[in-house]
Every structure is written in C-alpha cells, then in structure tokens.
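Colleague: Once you have looked at the hints, place chains S, D, E, Y and Z on chain C.
Chains as they are written, first to last, in the numbering used here: chain C, 4 to 287; chain S, 4 to 287; chain D, 4 to 287; chain E, 4 to 287; chain Y, 4 to 287; chain Z, 4 to 287.
It is possible that some hints are incorrect.
Remember, identical chains collapse to one label, so a pair may be satisfied in a single copy or spanning two.
What the hints assert, rightly or not - Here are the computed lysine-lysine pairs in the DSS-like style, where the Cα-Cα straight-line distance is at most 27 Å: (1) Lys170 - Lys86; (2) Lys50 - Lys86; (3) Lys186 - Lys170.
None of these hints come from the bench; they were simulated from the model.
6 protein chains.
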Amino acid sequence: MNWVDEGALYSQIASFLREDLGRGDITSQAIIERNTRARGRFVSGEKMIVAGLEAAEEVFMTLDSEQQLEAFAADGEEIETGKVIARTTGFADVLLAGERLALNLLQRLSGVATLTQQYVRAVEGTPAHIVDTRKSTPGLRMLERYAISLGGGRNHRFGLDDGVIIKANHVAVAGGIAQAVRKAREKLGQLQKIEVQVSNERELREALEQGADTLLFADLPVVEVSRLVDIAREQSSKVIVECSGDITLENVRAYAEAGADMISVAALTQSARAMNLSFQIQLA
Amino acid sequence: MNWVDEGALYSQIASFLREDLGRGDITSQAIIERNTRARGRFVSGEKMIVAGLEAAEEVFMTLDSEQQLEAFAADGEEIETGKVIARTTGFADVLLAGERLALNLLQRLSGVATLTQQYVRAVEGTPAHIVDTRKSTPGLRMLERYAISLGGGRNHRFGLDDGVIIKANHVAVAGGIAQAVRKAREKLGQLQKIEVQVSNERELREALEQGADTLLFADLPVVEVSRLVDIAREQSSKVIVECSGDITLENVRAYAEAGADMISVAALTQSARAMNLSFQIQLA
Amino acid sequence: MNWVDEGALYSQIASFLREDLGRGDITSQAIIERNTRARGRFVSGEKMIVAGLEAAEEVFMTLDSEQQLEAFAADGEEIETGKVIARTTGFADVLLAGERLALNLLQRLSGVATLTQQYVRAVEGTPAHIVDTRKSTPGLRMLERYAISLGGGRNHRFGLDDGVIIKANHVAVAGGIAQAVRKAREKLGQLQKIEVQVSNERELREALEQGADTLLFADLPVVEVSRLVDIAREQSSKVIVECSGDITLENVRAYAEAGADMISVAALTQSARAMNLSFQIQLA
Amino acid sequence: MNWVDEGALYSQIASFLREDLGRGDITSQAIIERNTRARGRFVSGEKMIVAGLEAAEEVFMTLDSEQQLEAFAADGEEIETGKVIARTTGFADVLLAGERLALNLLQRLSGVATLTQQYVRAVEGTPAHIVDTRKSTPGLRMLERYAISLGGGRNHRFGLDDGVIIKANHVAVAGGIAQAVRKAREKLGQLQKIEVQVSNERELREALEQGADTLLFADLPVVEVSRLVDIAREQSSKVIVECSGDITLENVRAYAEAGADMISVAALTQSARAMNLSFQIQLA
Amino acid sequence: MNWVDEGALYSQIASFLREDLGRGDITSQAIIERNTRARGRFVSGEKMIVAGLEAAEEVFMTLDSEQQLEAFAADGEEIETGKVIARTTGFADVLLAGERLALNLLQRLSGVATLTQQYVRAVEGTPAHIVDTRKSTPGLRMLERYAISLGGGRNHRFGLDDGVIIKANHVAVAGGIAQAVRKAREKLGQLQKIEVQVSNERELREALEQGADTLLFADLPVVEVSRLVDIAREQSSKVIVECSGDITLENVRAYAEAGADMISVAALTQSARAMNLSFQIQLA
Amino acid sequence: MNWVDEGALYSQIASFLREDLGRGDITSQAIIERNTRARGRFVSGEKMIVAGLEAAEEVFMTLDSEQQLEAFAADGEEIETGKVIARTTGFADVLLAGERLALNLLQRLSGVATLTQQYVRAVEGTPAHIVDTRKSTPGLRMLERYAISLGGGRNHRFGLDDGVIIKANHVAVAGGIAQAVRKAREKLGQLQKIEVQVSNERELREALEQGADTLLFADLPVVEVSRLVDIAREQSSKVIVECSGDITLENVRAYAEAGADMISVAALTQSARAMNLSFQIQLA
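Same shape as in the complex, but just chain C (with noise of 0.2 Å):
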C-alpha cells in the first residue's frame, strides 16, 4: 500500500472507531481488570473470498499499536467452512472495542470480492472485463474497489475527476452527442479518453465521428448490444465497448458474448450480503 492509501485506510478506520466507541466502551470498563490479556479468532461460517484482512488489523493497531494479526489466509483467497482465517492476541478492551468493526468490514469486503468472483467466472473464456461501477456505498469506495479487484474484477475511474464518461443525462443539457463529445475533444482530448453513453446507432456514429475513444450501451437488450458491436468496429478497430444496466449473474455471459469489453456491473457493491464470520475471544 503507498502513502495515499495508507492514509486514507488510516483515517477512515479511526474515524470508524470513533463512531462506535463514542466515549469509550462502558461496559469492557466495567468489567474487564485492566491488562488482562486476551486471544481472538476470527473463524469463516460459509465458504467465501475473504477481503478485509488488512482493514481488521488497522482496526486492532489502531487501538495498540503493538497489537498485529496473524493471518492464515490472504486477501483474496478462497476459503472454506469453518476456517481459522486470522488470529490476534492483546489487551481484551481491546480486542472487545475493535470485534465488531473488524467483522463489519470482514463481513461486507468478502460478500464483495465474493460476489465479484460469481460474475468473473460466469465471463470466463470471452474478453470482457467485470469492472466497477460509482453505485458504491458512500464512504466506502476505496475499499469496495479493492474487494473487487480482489475478486478479479477490473475498477473503472475513481470518481468524476478521473475519467470523462458522457452519459445520457449529460447528452441532454449539453444539446446533443455531437457537441458533447466535439467538446470535450477540444477541451480535453489531448489528454483524455472520451467515453460516451449511445442508445441507437445514430447515437453511435455520432459519438465515433467526433472521436469517442469508448462507448457505453446501457440497458440495451443483448441483441441491440451485438448489433451495435459490430457496427462500431467497423467504424473504428480501437473503440472500446462497455455495457451496464440491469446485469446479473443470469444474463451477464451473454453481454459478454455480444462483444463487450468491460461490463459495469452495479451489483457488486448494491447487492452483495454479509458473509458469516464470527470472532471468538478467551483469555490468553
């Protein structure tokens, strides 16, 4: 991890913190001795891609800066029922402050990449590309991206500063796809892919004839999708085709058989659930 991300992971997991334990955690004040010690397990209730164990053990060094995770899994890798993913060893405060965060983001990140994986390998054998979408939840994108990417997913731009996507509503406010895409030509072509949202194939020689670089079809049927495909590299052997809208794991191959190269699939971070892990505490 460089700079940038380290403090961001740094920063949010505090800020994370600081959302659950308020002004500290009464109950482990109460009743724990002071420096009692205490041995954690984090322990897989349904088979899954795990994703999040460097974000649990900010969550622990956060706390105490001494207190590491063992890990006997790594991000990213397939694991079974009833695995012993990670272990870490502390003070019992804690390990009882940090518990619930640390599966929060276990829990979600690996429903993430595990899903991601579903529609990776449902492409499998054609060129497409599952990639991200900005349908990420608030706060938590840097993270999700990372989830997917660890379930073989590819991560589209950032946010809206890092990639030029014309979509429909953009189309409408800046009167027409050939003036918006002429337009940012112009203003940023020299430096910028453009890509552009196209409905029909008037839409599509539009945006190729002021050079679009990518096309995105969305919500098109899979035929429309296959016809337009071919449309467009005769136009041009180096557009590039991206389709969203509605993607599930059912009819995910057959865009991908219609030729897309990136399929955006909004799913990944809208739909995925909470996978089953558990976190088990006992004195050291």
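Modeller: Relative to the frame of chain C, chains S, D, E, Y and Z by itself:
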C-alpha cells in the same frame, strides 16, 4: 434535526462528495456551459418506504446552498412504482455532480427502511419491537438508524459508550456472568441499565440475582427462548428480554410470540438491497 | 488508558501547547544553545492529593516523544509539602516550553482531587457517594472527572447524551412531571434509567408512578430531603436518590445522613483553587 | 471582534458544546415536542462584574444561528443581585442544550472579571497596572484575558511567542543573566523588548548593563522591591518594573506603592470562583 | 467556480491569512478605532495581464463576509500602468489585515499570467499549445494553473493521479520503455492515455509499438525534435507530441515550428516575477 | 527544530504531497513492481547556496518513515555546479512520488538563499542587516524566512501579530502619525517596540516625540534617507532605522551607507528564480 445531527450529516455529505468528486467533475467542466440551468427529478422504480430525502437535499445544498429539493413524499412514506418523489432546479453541473451520491443514499436508505417495515409488519400485534444492531455499515450508522426508525423499528444503543451489554466474549474474559454483572452494577448500576447475554437457565438465574435489568438470548431456538422467558418473568416482573441471531422474516414472529420485548435484526443493515430509483435531468 | 481517552488527551495537550507557544518560544530560541540538556523537577508547596502526572508527562512527550517523566508519586496519592513529585531530563528548550502548561494542569487537577477528597471524607461511614456535575470547566471535563475519581468521587453522566435527567427546566417545557417521565419511559425506558428532579411530595409520587428510577432533590433543606427519602423508599425499594445544590463541606454530611445515595457537588469544579507546586530547572 | 478572535471563539464554543452534547441531548429528544418554543433568562444571584455575554450568545447561535441574546447589561458592567442580565427566545431543545455551557462560561468569566476589579481598585491612585499571567486555565486563555480586561486589568504577552521574558529557569540553563540578556539583544533586540527576572542588586545591574528593557521582581518582599526600584530608576529612566508572586488583595497595594509599573496576579485565573448565576426557562 | 474549487480556494485563503495574522493584527488593534470605515483601491504600477481578483476578493470576504470587491477589470484582461483595477469599502482593520495577502496573490498570479501570455504570443500561428508543468509553487498549483489559463496557456494533468506520463526515471526502474508502456497499457489502457518520454528514434518506435498515445521530447534540440516528429507521424497519424526542458521565450517558437502539439514551460511558474501593484487606503 | 516548526513543516509537506498525489501516482502503480528498490541523487546544475535539504528529507520521510536522506552538503552551504548534494535509497515508487516536490522545494528555497546572499555581500562592511518582508509566497513564509537566514539575512516580524509597524495606510485611517504612535504607546508600549513609517522630517520628529523606537523609510531616495538618518540620530541615540522599497542589488549598498540599520528587500521572495537542480533515479 438538532445541531449534533445536522453537523454530522453535513460533514458526512461533504466527505462523500469529496470521495466522488476528487478534484472536480471533468466531464461537466468540459461540456456544460457555465450557468446552464436544469431540472432533475427522482422517480421510483419499485414500491418502497422512501428514506433519505433530507440527505439527498443536503447533497445538492452542500454543492450550492440555494438548491433545495421539492419533495412529493416524506421520509418514511410508502410509495408506489413510477412516483416522482422529488424534484429540484439548479445549475446543470450541480445536478450532475450530486446525482450519483443522492441516488446512492436514497437507494440504500430506502432499502433499509423497506426491509425494516417488513420485519415490523411480521410481528404486528405482538408486544415485540424490532431493533437495530451495531452490525451497520461502517460510517453510516447514524443514517441507517434513521432509516430503521422510518421503517418502524426502534434504535438500540448507538455505540459502545451509551449502553451496557455484557456478551459472551465479555463473560469469557471477565470470569463468569455473576462476576461481570456484579462489577457492572457496582460501577455503573446507579446510572445505567445492565444487559447480559445468557444462554441457559443457570446463566439466567445468575444474571438476575446480580441485578441484571435486561437479558439477551442470542442464537437460541424459539422453544428455548419461550421456556427461559417464563423463568425470567417469574424472577423479576420488570426484566426486559431481547432476542438476536439469525433472525429472518420467516422466524421473527415466532420469537415475538415466544415473549421477546426486543428482537434485534442484523439483516436490516447487512442484507438490505438498494431500491430501484432513478434521477432524470433536462434543461430548465 | 484506552484509545479514546489517549486520543482525547493527546489532542488536548497539543491544543493547549499551541495556545501557549503560538509560533514558538522566542525567548528560548534566542538564548538557549541548541541541544542543551537540562533536568527539571516538580516540588509540592503544600499537602495535596496529586493529580495530573500522566497529563504532565504527555506535555513533555508531545514536545519530544523521548522525554518521559520519572514519577515519585502516583496520581491519587496524598503527598506532603516539599516532596519531589517527579523529575525529567531532556532538552532545555523542551523543559522551558512545557513547564507552564504542565504546572497549570498539575496545580488545577490536584486542586480538584484534593477538594474532592475533603468531601468524600466528610461523608465517610454513610452510604452516600460524592459525584461530579456538568458544572465543569469548558474543555476540561474529561480531566476534571479523572481528578474527581482520584479524590474518591464518582463520575455521573459525562454529558447530555449518556444519561437522562429531567430537571425543572425540562418539566417547564414538557408539560409536567408525569408527562415528561411517561414520554421518557416510552422512548428510552427499555435502555436507560430515568432520573427526575422533584421538589415536593406530589412531584415525587408522580415521578415514581410513571416509573422514574432515580430522584433528584435540588436545593432542598436537609429535613425536607429526609422526609422525602422516606416516602420514596416506601414507594419503591430500588429508587435511587441524588441531592444537589449549594452543597458545602459544612452541610454535606447532613445530606448524606438524610439518606441520599449520591450527592453531586458543583464546588468540586467551580471552587477548587490551584495547588502550590513549582518546577525547578538546572543544567543536566 | 476581529476575524482571528471570532474564528477562535466560534471554534471553542463548538468544541465545548461537543464535549457536553456528545451524540445529542437524549433527554430533550425524548420528552420535548419538536419545534416547541421557549424563553430563557439569565439572573444574577450576587453582585458582580458580568463577563461572557458575547460567549453565551455564541453558544446559542452555534446551536441555532437565529437565536440571539437580548442583553440588559454589557460585558464589563457591574450588576446587582437579582438582575435579569439577558434573555433569549428560541426552540426549547436549543435552550436546554446550551444552558449549561452558557452558564459555565458566564459564571467563570464573571468570576475572573470581578476578582480582577477588586485588585484594580486596591491599587487605585498608584501608577501600577494589574496584569495577567500565563497561569491561565488551559484552553481558556483568550477568554480569561478578555475577562481580565473587562475587570480593568491589562494583558501581558499572550504566550511564549509574542514577548521575551527571561526567568530564573532560563538563566539557569543560559549561563547567567548577562549572557542571557546579551544573546537576546543580539538576536531579537531590534524588534523586541527584553524582560528579565532579577532577584538582587547585582543581577539588576547586570541586566540593565546588557540593555534589558523591563525588570521582573518575583517573590521579593515589598521593602526589597522598593529598594531595587530606586536603584533601577537611577540606572535607566525608561526601565519598566514588574512584580509577581504571591500577590494578594492584602499586599497588592504595598507593591504598587513600592514603585511597580505592572503587578502580575496569578490569582486572577487560579483562584477566581464561579459567580452565582441561573438560567430560567419557560414556554414562550 | 464549482464546489471543489470554491472550497479549496476558501480554505487556502483562510490558511494564508492565519499565516500572516497569527493571533491578530496588533498594530490595528492598538491604533484604529473600532468600526472605522475606509476605502481601498488596487492600482497597477506596470502593464500586465491581471490575475487573482477573485482570490483577492475572497481575502476580504473571508475576513468580513460583507466586504466585496468592485472590479474595474476582469481576471485575464490586459491593463495599462496606473489603472485602478478594483476598489473596496469596509472596516479599516479588515482592509489593513487583508491588504498584504491580497497584494501577494495579485502580484504573483498576474506575473504568471503575464509571462504565459508572452509565451502564447510567441507561438501564435502555429498549432502548438503552451502548457503548464508540475514545477509549480508548492501549495499554489490550483491558483497558478488558473493564472496560466488566463494567460492563454492550457492545463496539463493536475498531479500524479490524473494522467500517465512515463519519464526517464520511470523507465530506469521499470526495465525499459517497451516493458513500461506494455504494463501501463494492460493496467490502464482502456481508460487512460499513455504518454512516454523518448529521447531517440529507437525509443520512439518502441513506445509507439506498445501503443503509446503521446510522446514527450525532453531537453532535445529543435532539429532532433523536428526529425523525430516526422518519424512519429508516419507511425501513427493520431500521436500527440509534447516538448519540454529549457524552453525560453527565445526558442519556444522554433519548437512549435518543429511540430510539437504541446510545449510545457517550467518558467511559467519558476521564473515569473511579482507584478508591480499597490493598495491605497483612505478613510471612507 | 522545535515542536512548533516541526509540526508546521510536517503538516505543510503532507499537504503539498496531497496536492501533487491526489488519489495516488497512477503511473508508478501501473508500471513499477511492488517493493522495487531504487537510489536517487540530487545534483546541482549551477552554483548556489543550497537550502531545503531538511524539507526534502521530510518529503521522503512523510511518504516512508524509514527513508532518510544522506546529505553531502548542509543547508546554507555554497556549492558548485555538478555537485551531488544528497542521495537516498528506498522504494522506487516513493522516490518517484516525492521527486517533484523535493525538487520544487530545493530549487525555490535555494533560489531565495542564493539571492539573499548576493544582497548580504553587497552590504558587507556596513552595519546594515538585510531583512525579509511580508511579501513572501502565500503559505511558504516559514520556509522562505529560513532560506533567507541561510543566505545571511535576518528575519523581521513573522506576521501582523508579533511586531508593531505603523505604515502610511495605518496613518491614513488613524488620524496622523502623532496620534497613531501615542495610541500604540499607550496600549502596547510597555511590552512592544513601535516602528513607524515616516516620509519627511516633520513626520520623523512627530514619531520620535511620541516615543517611536524604530523608523521606516519607504521608497525614499538615498540622499533623503541620509539626511533623515542624521536628524533621527540627533533626536535619539537608540533609534533604529529601516529602509525599504525598490531595493535592488545595484542600490542596496548606497542605502546601507546612508546609515540604515535594516534594509528590507521584497525581491528576496518576489524575484528569486528556481535554481537548476535535478534528481536522478536508478535501480538499487
């Protein structure tokens, strides 16, 4: 909303916007004429309890303090498919910059509220209350608790600092239930209610003897809950009973009928899916 | 100390240092050779319960992470006049930069602890506990509560968010005691104890009928407290009684003997004077 | 008030409110109807110089930007017992949330101003000025200096960065008075006045020979101060003399008459007690 | 200005003011009567492209939200010597507190804009664009980029995160140009353009074979640039060429005529001098 | 370096890095193998007084706390062309991420130090000191003052809060020089020196009569300065004289010989150009 919640909401929204905007929306900067005005409207794609309209408005007002939302439904209201929930008029670049975050919040929070309502309806007619857990999304606890209350659920303690719950992991390091409750009583008893997780009759009696106010039955079968509730009521007419662990829409009513006062449901925040909602922009 | 308190202490000390140092100690910068090393020692000028040594050490460690304090007394210990409480060795400019703040903290906190001890001794042998109030110095509540606990006092709720006390001003706007307690019961009763200020028998009965857990007698004469305590105990064997208002070293025992469980004393933080302590520096 | 002080006051008040409110006032949230309006008034319980009205108003305005204070006395004014100092109308929950902090500030700052005035009156008719010290309450220096100026005192340097005072502890590590003053002159002399603590005639002569501008007599008896002042005035007509150390209301005039230009009084911030002031709320 | 830039500008101005004001302007506090009103006006001392008026206004508005600037020229306009560029009326202490920072910003930014314009004019009639570099003043990149755009320059990537440029130092650790470009293509190719520094024909061919979009010629003589541009255009009709390194007003046109699409000029931010501008205050 | 300066430097470097890195260095992330180690060295491209090595080291240490700089020259040392000033070994991505900022700081600060030295040498043999002004680069005052001291200059007041200078704009709103100085004396005189800008003999006499300590001659011709200095010295043997305004390397000695004690030179921070320095990276 009071000062504390307002301040927290404002600072969260600003931080979520920074996550998505980074150094700014380069697409809009390139293709939208400065000062172009536009209209946007949120439309439901399915039936739901809507939640997050105040947060969505805060998104736009953070970007431009003049841009309010005109809502046609209130947070907590049940709406049908195809309903225009709210609309707003403002600068086109503000609408485009806030669109994704506003939707991300509305879709998720409405999902939580809608799922909560299903649980609440499932126990209707029983004295049991559906309550939330600390298994919330890191960083979103305040908003998710709000969505749960809109769905008819009740809010349990916010975090580790405003309520005492002695769980199995605490007991493991504190040296037994009796000892844990006694210490908590001594240190906090005049000011705080003491809740204790118990898993059998012996533990239940120990807890009540030491003056526990509330009992938590986690992961116990319904019949066992029913038996233990009867014993508890005999011991203390005022004791409160909470159930938790693998509560589903299928089994929740059974737990309620077994005599629980509170049923805490992790699924409210761990398994809610994003509701189908869209935002449509056109020139003003 | 746990993470929450450590973080809060560190950030307070740093902010207090910035208050005193501004852009830096221009006297030391001008006249002390870089890297000059020196020794300093804290000496008591009167008998006291010492409090704040951990905070004083944090002052020096914030300025120079290597500079620890060697303490010859522990926080909470009673010391005589002329005692060397602690000493430290480090860079001369660090000692000179931290001296004033370390003393300001030690003198004030020791003053609070010493005064608390006098109150605690005054009620020795009665079941009453001396407790703190929210009449603390703005910004110093955490440290003053700590000093009070060192002096043998107990800590009441930290702030408005971790305990329910319905005072006369609340009753005035809530429409009467019965109504206020009933609402509090409904909203918070399963999770929180309810404390209510009552000033006569009628109010006491109203409060207990609605299920108040704790009664607060503020500014009542001892005889009236005594009478009301008896009535309260008849109504509910578990009710807790707190007295407050113009409690002095002269009258505190009378209130304790009148049956109060808790006596909250504003003077602990409002009238404590700074203890006589000095810091002497010489070349190392 | 200028931008610097305004910003500092606002940020302090907000931080003090967060200290008291934490996650919010659960009592008001439970029992006060939303949007209930109420009136509150501050009433004096004893004679005092009032100080802190601007700060008290900032408390309420921070909670609700519309809620101003109508003051019937000005900061610095002497008021009698039973006087209604100020009143305010607003939301009941805002009044209840701000009440304690507003009182804590008013009571303490009025205490400082009132005590200062007693010292100022004690030296009336002499050329001496009562000045403050760095023995202020950590975090409250700006407000306490303000209260001291309201009581008729003068403000000495704010912190270590805006004035040079070479005290005994500096001399101990700098290698003597002559050397310390010479270095300070060299480094800072064109821009800053140099003040030096001296304890006898030899040190006084050394200091003046090296060009000290101001002499500090700490913990010297009045007769010695008197003798040294005469010697100093002979050496330099422009020299300024400050006295400090165990200054009391009883001995302050003697020091003034001994010829001090400034008498710095630690008691102003170390021994002031909170004034008797109350806040009464009723429905609007 | 959008929310991101507004927020960044506001927070920069506030931080610059704190740098200059520290604990407040002691001169004004001592000698200016409170509420004295005054007028100030900015007057040019030489011919320039003015830049920074919005920033200068933000200086005064940060100090006093009511104090706007009445501008008689727009950012980016060319003005003559002796021109009153803007005037403002407000509190005298606000004018005196903001004067220096407002001038520091206007003088520097106008210097950058004016120098940029000279470079832009030097290449007039050629297809080359003058672009900025990351050799900006630490902390001022946003403002300097803005000044450069006012002078007619174009903005290259903001920082390391929004554009890929593989320079010689990257190649040295990545194991050759071919390998570096190939990896970049794989990881980022669908979303980002790849720019590569090449210093001879072999490197140029390697880069283009691996799919580089843009070539950077750094520190190459004009004739070599000319030759390489021809080779590059043969290979790929769409390739973009950037030149950099020791570009001066004397040689910039030659590089433009050699076929560069972009010429990045470090001098714009490294050698611009402050323009001659003054601020004159009088009583209002 | 003391705590205040260390803290300020660290927080500046971190903020400068965030400016350049945004969400991270996408080029390195794509093409550099994780954990690749490399060596870098700074080489001078011209003769200069080097300044900023401590800041450059802080750049790398902020990115990776283990990565120190091995310096072959000290800040303030004069070095020749082609000198290896410092080298460092660490992770390749850290070197590439810090390179630009480290250079930007070194080049600019060395430029300021080098130019300062030229001014200092120009007045060698006279009693005049070259001093800095508040015409520094916004945000960089601390670092630029440091560079100026390395070049042999002296530091004037840091900002508006640690020194009193009454300039023409102050006089214009304060109602005349006599009145301005008198007020300043009254309010601040015991603690602060008073400097006053005067432009002729009448103003000079007014200022000295009211007790000004220092006179500022701004934009006056050398002969006039010479004449006024003589008059001032007659009035007060202790008066200090500062000159400012359009001081150049050509005329600075004349001002020094005219009798100025301090000559403040805006050009030090307004006209210094970046020195020629490069950073070369290779595999370790």
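Colleague: Now look at each hint and say whether the structure bears it out.
Modeller: Outcome of the hint check:
1. Lys170 - Lys86: between (45 Å within a copy, 23 Å between copies)
2. Lys50 - Lys86: Within one copy, since 9 Å is at most 27 Å while 40 Å is not.
3. Lys186 - Lys170: This pair counts as within: shortest intra-copy Cα distance 14 Å, inter-copy 29 Å.
Checked against the numbered hints given earlier, the structure satisfies every one of them.
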